[in-house]
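> Sequence:
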Amino acid sequence: MEQIENDFILANINPLGAELTRFFSKHNSEEFLWNGDPKFWGKHSPVLFPIIGTLKNNQYIFNDKTYQLGRHGFAREKMFTVIERSASAVIFQLQQDESTMAVFPFPFSFEIEYTMQEGTLQVTYRVKNTGNTTMYFSVGGHPAFNLALTSGLAYEDYYLLFNKTEDAGRWPISADGLIEAAPLPLLQNTNRLPLTKSLFYKDAIVLKNLASDEVQVRSDKTPTGMIFSFKGFPYLGIWAAKDADFICIEPWCGIADSINTSQQLTEKEGIISLPAGENFTRSWSVTIL
Numbered sequence: 308m309e310q311i312e313n314d315f316i317l318a319n320i321n322p323l324g325a326e327l328t329r330f331f332s333k334h335n336s337e338e339f340l341w342n343g344d345p346k347f348w349g350k351h352s353p354v355l356f357p358i359i360g361t362l363k364n365n366q367y368i369f370n371d372k373t374y375q376l377g378r379h380g381f382a383r384e385k386m387f388t389v390i391e392r393s394a395s396a397v398i399f400q401l402q403q404d405e406s407t408m409a410v411f412p413f414p415f416s417f418e419i420e421y422t423m424q425e426g427t428l429q430v431t432y433r434v435k436n437t438g439n440t441t442m443y444f445s446v447g448g449h450p451a452f453n454l455a456l457t458s459g460l461a462y463e464d465y466y467l468l469f470n471k472t473e474d475a476g477r478w479p480i481s482a483d484g485l486i487e488a489a490p491l492p493l494l495q496n497t498n499r500l501p502l503t504k505s506l507f508y509k510d511a512i513v514l515k516n517l518a519s520d521e522v523q524v525r526s527d528k529t530p531t532g533m534i535f536s537f538k539g540f541p542y543l544g545i546w547a548a549k550d551a552d553f554i555c556i557e558p559w560c561g562i563a564d565s566i567n568t569s570q571q572l573t574e575k576e577g578i579i580s581l582p583a584g585e586n587f588t589r590s591w592s593v594t595i596l
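Going letter by letter, the sequence shown gives residues 308 to 596 in the working numbering.
None of these hints come from the bench; they were simulated from the model. Every value quoted in this text rests on a predicted model; they were computed, and no experiment measured them. Treat each hint with caution, since some may be false.
Derived DSBU-like pairs (lysine-lysine); straight-line CA-CA distance at most 35 Å [to be verified]:
| id | residue 1 | residue 2 |
| --- | --- | --- |
| 1 | Lys515 | Lys363 |
| 2 | Lys504 | Lys471 |
| 3 | Lys333 | Lys363 |
| 4 | Lys504 | Lys435 |
| 5 | Lys471 | Lys509 |
| 6 | Lys350 | Lys471 |
| 7 | Lys363 | Lys538 |
| 8 | Lys350 | Lys372 |
Between beta-carbon pairs, the in silico distance windows are [said to hold, decoys possible]:
| id | residue 1 | residue 2 | range |
| --- | --- | --- | --- |
| 9 | Ile368 | Phe347 | 23 to 29 Å |
| 10 | Gln310 | Ala488 | 32 to 38 Å |
| 11 | Phe369 | Thr472 | 18 to 24 Å |
| 12 | Thr497 | Gln310 | 17 to 23 Å |
| 13 | Lys509 | Asn567 | 27 to 33 Å |
The beta carbon of each residue, even a glycine, is placed where N, CA and C say it ideally should be.
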């Protein structure tokens, strides 16, 4: 386990999946990351690569060949190597191997950097195409934040506050994990989404192309909260396991297959095409209030 810290915050990251497993505020003496209770959801903040969500029949087609790849890809199950570290920063790296090439036929270098600045933790994804043909992939995060922060407050005392007024529908997810063809109303000329556990009884809230690039988790009953920044991520997932006291805010460059997908990787909605030798970088951050 790797640990980084400064005078304000502390974080633990597991080299398995380069997964953030602890995010602690020294100022508030609060654990801001979900504890991974397997009764609800046994993870903390898995990394999603090289796909996000579910493929139709867990398959895609590339160059007339069909490949099998499970939900959210393989990065969360791979051991990363630490290639650089300091007291308040660490960089992990994953590269292709025989097992990845069998399901994802592209050479790559995938780096994940965790850095701190006062009360902000920033997570940066760097993907390099180390092959000699165009690479197609998705990448994103799945951090789960603890909503049992202040004694006496209920889940329903919290809300999400976007930094822009939104008119955005919720894209439903089918029983087999695919995105339905049309959205349902959710945010209608508002920047505020009250949180209830029933919001997630029908799986995640999937949002596309928001005006906002920042969302706060707040309650009017406590000053404690957080700011989540996701500039450059065209999709946002919001999820919680049934009746669990956490909220996942998921920045995505990519999305699950739609119900009418062709299953062709090059035609997949949200797919990133990265030319040979090129780099792709995105960062998200969370700031404790």
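> Now tell me, hint by hint, if it's right for this structure.
Results of checking the hints against the structure:
{"no.": "1", "hint": "Lys515 - Lys363", "result": "holds, 20 Å"}
{"no.": "2", "hint": "Lys504 - Lys471", "result": "holds, 24 Å"}
{"no.": "3", "hint": "Lys333 - Lys363", "result": "violated, 44 Å"}
{"no.": "4", "hint": "Lys504 - Lys435", "result": "violated, 39 Å"}
{"no.": "5", "hint": "Lys471 - Lys509", "result": "holds, 26 Å"}
{"no.": "6", "hint": "Lys350 - Lys471", "result": "holds, 30 Å"}
{"no.": "7", "hint": "Lys363 - Lys538", "result": "holds, 28 Å"}
{"no.": "8", "hint": "Lys350 - Lys372", "result": "holds, 33 Å"}
{"no.": "9", "hint": "Ile368 - Phe347: 23 to 29 Å", "result": "violated, 36 Å"}
{"no.": "10", "hint": "Gln310 - Ala488: 32 to 38 Å", "result": "violated, 45 Å"}
{"no.": "11", "hint": "Phe369 - Thr472: 18 to 24 Å", "result": "violated, 40 Å"}
{"no.": "12", "hint": "Thr497 - Gln310: 17 to 23 Å", "result": "violated, 40 Å"}
{"no.": "13", "hint": "Lys509 - Asn567: 27 to 33 Å", "result": "violated, 20 Å"}
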